[in-house]
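Residues per chain, in single letters:
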Amino acid sequence: AQSVTQLDSQVPVFEEAPVELRCNYSSSVSVYLFWYVQYPNQGLQLLLKYLSGSTLVKGINGFEAEFNKSQTSFHLRKPSVHISDTAEYFCAVRRRNQGGKLIFGQGTELSVKP
Amino acid sequence: EPEVTQTPSHQVTQMGQEVILRCVPISNHLYFYWYRQILGQKVEFLVSFYNNEISEKSEIFDDQFSVERPDGSNFTLKIRSTKLEDSAMYFCASSDGGIDEQYFGPGTRLTVT
Numbered sequence: 830a831q832s833v834t835q836l837d838s839q840v841p842v843f844e845e846a847p848v849e850l851r852c853n854y855s856s857s858v859s860v861y862l863f864w865y866v867q868y869p870n871q872g873l874q875l876l877l878k879y880l881s882g883s884t885l886v887k888g889i890n891g892f893e894a895e896f897n898k899s900q901t902s903f904h905l906r907k908p909s910v911h912i913s914d915t916a917e918y919f920c921a922v923r924r925r926n927q928g929g930k931l932i933f934g935q936g937t938e939l940s941v942k943p
Numbered sequence: 385e386p387e388v389t390q391t392p393s394h395q396v397t398q399m400g401q402e403v404i405l406r407c408v409p410i411s412n413h414l415y416f417y418w419y420r421q422i423l424g425q426k427v428e429f430l431v432s433f434y435n436n437e438i439s440e441k442s443e444i445f446d447d448q449f450s451v452e453r454p455d456g457s458n459f460t461l462k463i464r465s466t467k468l469e470d471s472a473m474y475f476c477a478s479s480d481g482g483i484d485e486q487y488f489g490p491g492t493r494l495t496v497t
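So the protein lines, in turn, are chains A and B.
Position 96 of the first sequence, counting from 1, maps to 925 under the numbering used here, and the rest follow consecutively.
Position 46 of the second sequence, counting from 1, maps to 430 under the numbering used here, and the rest follow consecutively.
One or more hints might be untrue.
Pairs of lysine to any residue residues, derived as SDA-like cross-links and limited to a Cα-Cα distance of at most 20 Å, are as follows [as the list claims (entries may be wrong)]: (1) B:K462 to A:S857; (2) A:K878 to A:E845; (3) A:K898 to A:S857; (4) B:K462 to A:T834; (5) B:K426 to A:K898; (6) B:K426 to A:Q874; (7) B:K426 to B:F445.
Simulated restraints, written as ranges between beta carbons of each label pair [claimed, not checked]: (8) A:S899 to B:M399: 47 to 55 Å; (9) B:P386 to A:Q927: 32 to 40 Å; (10) B:Q398 to A:S857: 38 to 46 Å.
These are calculated hints, taken from the structure and not from any lab test.
Glycine included, C-beta positions come from ideal geometry on N, C-alpha and C.
Model the full assembly from the supplied sequences, consistent with the hints where possible.
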């Protein structure tokens with residue numbers, strides 16, 4: 830079975846400051862890793878994904894994440910946040926099989942203040 | 385850009401009533417999913433559907449739930465007799481089944497009173 834832990838439920842940060850949203854996972858098999866963003870009253874949008882290869886993954890809106898196999902982590906980072914980044918961020922994993930389900934973390938609410 | 389659509393955006397129903405939530409997945413996708421998010425909690429997997437049958441389901445997906453692909457475009461989730469604890473946001477998703485991502489719809493907020 831797989832599980833995902835997002836260590837911070839809420840992260841307040843000032844505009845233009847850097848941010849890191851933490852994600853740890855547990856799995857007995859190889860997985861794909863994802864970060865999704867949910868803006869208020871909207872669905873889930875993929876930010877980035879790690880499938881294989883380079884452990885540093887770049888996504889949309891200036892976000893990036895680093896896969897660390899030894900620490901089973903997949904932290905999301907952005908060097909300078911904007912007000913518009915205020916949203917809920919979900920880390921997720923799924924098994925490397927066709928059509929596999931996503932297992933989500935609890936989510937981290939990022940609040941960017943002016 | 386193709387997208388997953390869901391209707392209605394908000395559904396209010398009384399306890400014990402049947403509801404059907406509708407989704408139109410991306411047209412060339414082969415795998416379809418339902419997830420739900422109870423307010424303040426994480427997104428949880430309910431069921432996946434492939435080749436006109438359920439491929440996987442969670443413990444949440446009991447006999448009160450069913451899914452159907454009645455035609456070539458729609459994918460529905462039916463709850464036969466709603467309970468208060470079914471109140472949640474329900475998300476539909478679809479994928480091509482490979483290593484590609486799952487594309488999510490905007491969700492249907494179900495309120496059971």
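With the threshold set at 20 Å, check whether the alpha-carbon distance from B:K426 to B:F445 stays at or below it. holds, 16 Å
Range hint 38 to 46 Å (beta carbons of B:Q398 and A:S857) holds or violated: holds, 43 Å
Would the pair B:K426 and A:Q874 pass a check requiring their Cα atoms to be no farther apart than 20 Å? holds, 15 Å
20 Å limit on alpha-carbon distance, applied to hinted pair B:K462 and A:T834: violated, 31 Å
Honestly, do A:S899 and B:M399 meet the 47 to 55 Å range at C-beta? holds, 49 Å
Distance restraint hint 32 to 40 Å, applied to the beta-carbon atoms of B:P386 and A:Q927: Since B:P386 and A:Q927 have Cβ atoms about 20 Å apart, the given range 32 to 40 Å is violated.
Proposed proximity, A:S857 with A:K898 (alpha carbon, max 20 Å): Holds, because 12 Å separates the two Cα atoms, which is no more than 20 Å.
If you draw a straight line from the CA of A:K878 to the CA of A:E845, is it 20 Å or shorter? violated, 24 Å
Compare the distance between the alpha carbons of B:K462 and A:S857 with 20 Å, and conclude whether the hinted pair is satisfied. Since the Cα atoms of B:K462 and A:S857 sit roughly 33 Å apart, the hinted pair is violated (cutoff 20 Å).
20 Å Cα cutoff - pair B:K426, A:K898: violated, 24 Å
In this structure, the hints that do not hold are numbers 1, 2, 4, 5, 9, in rising order.
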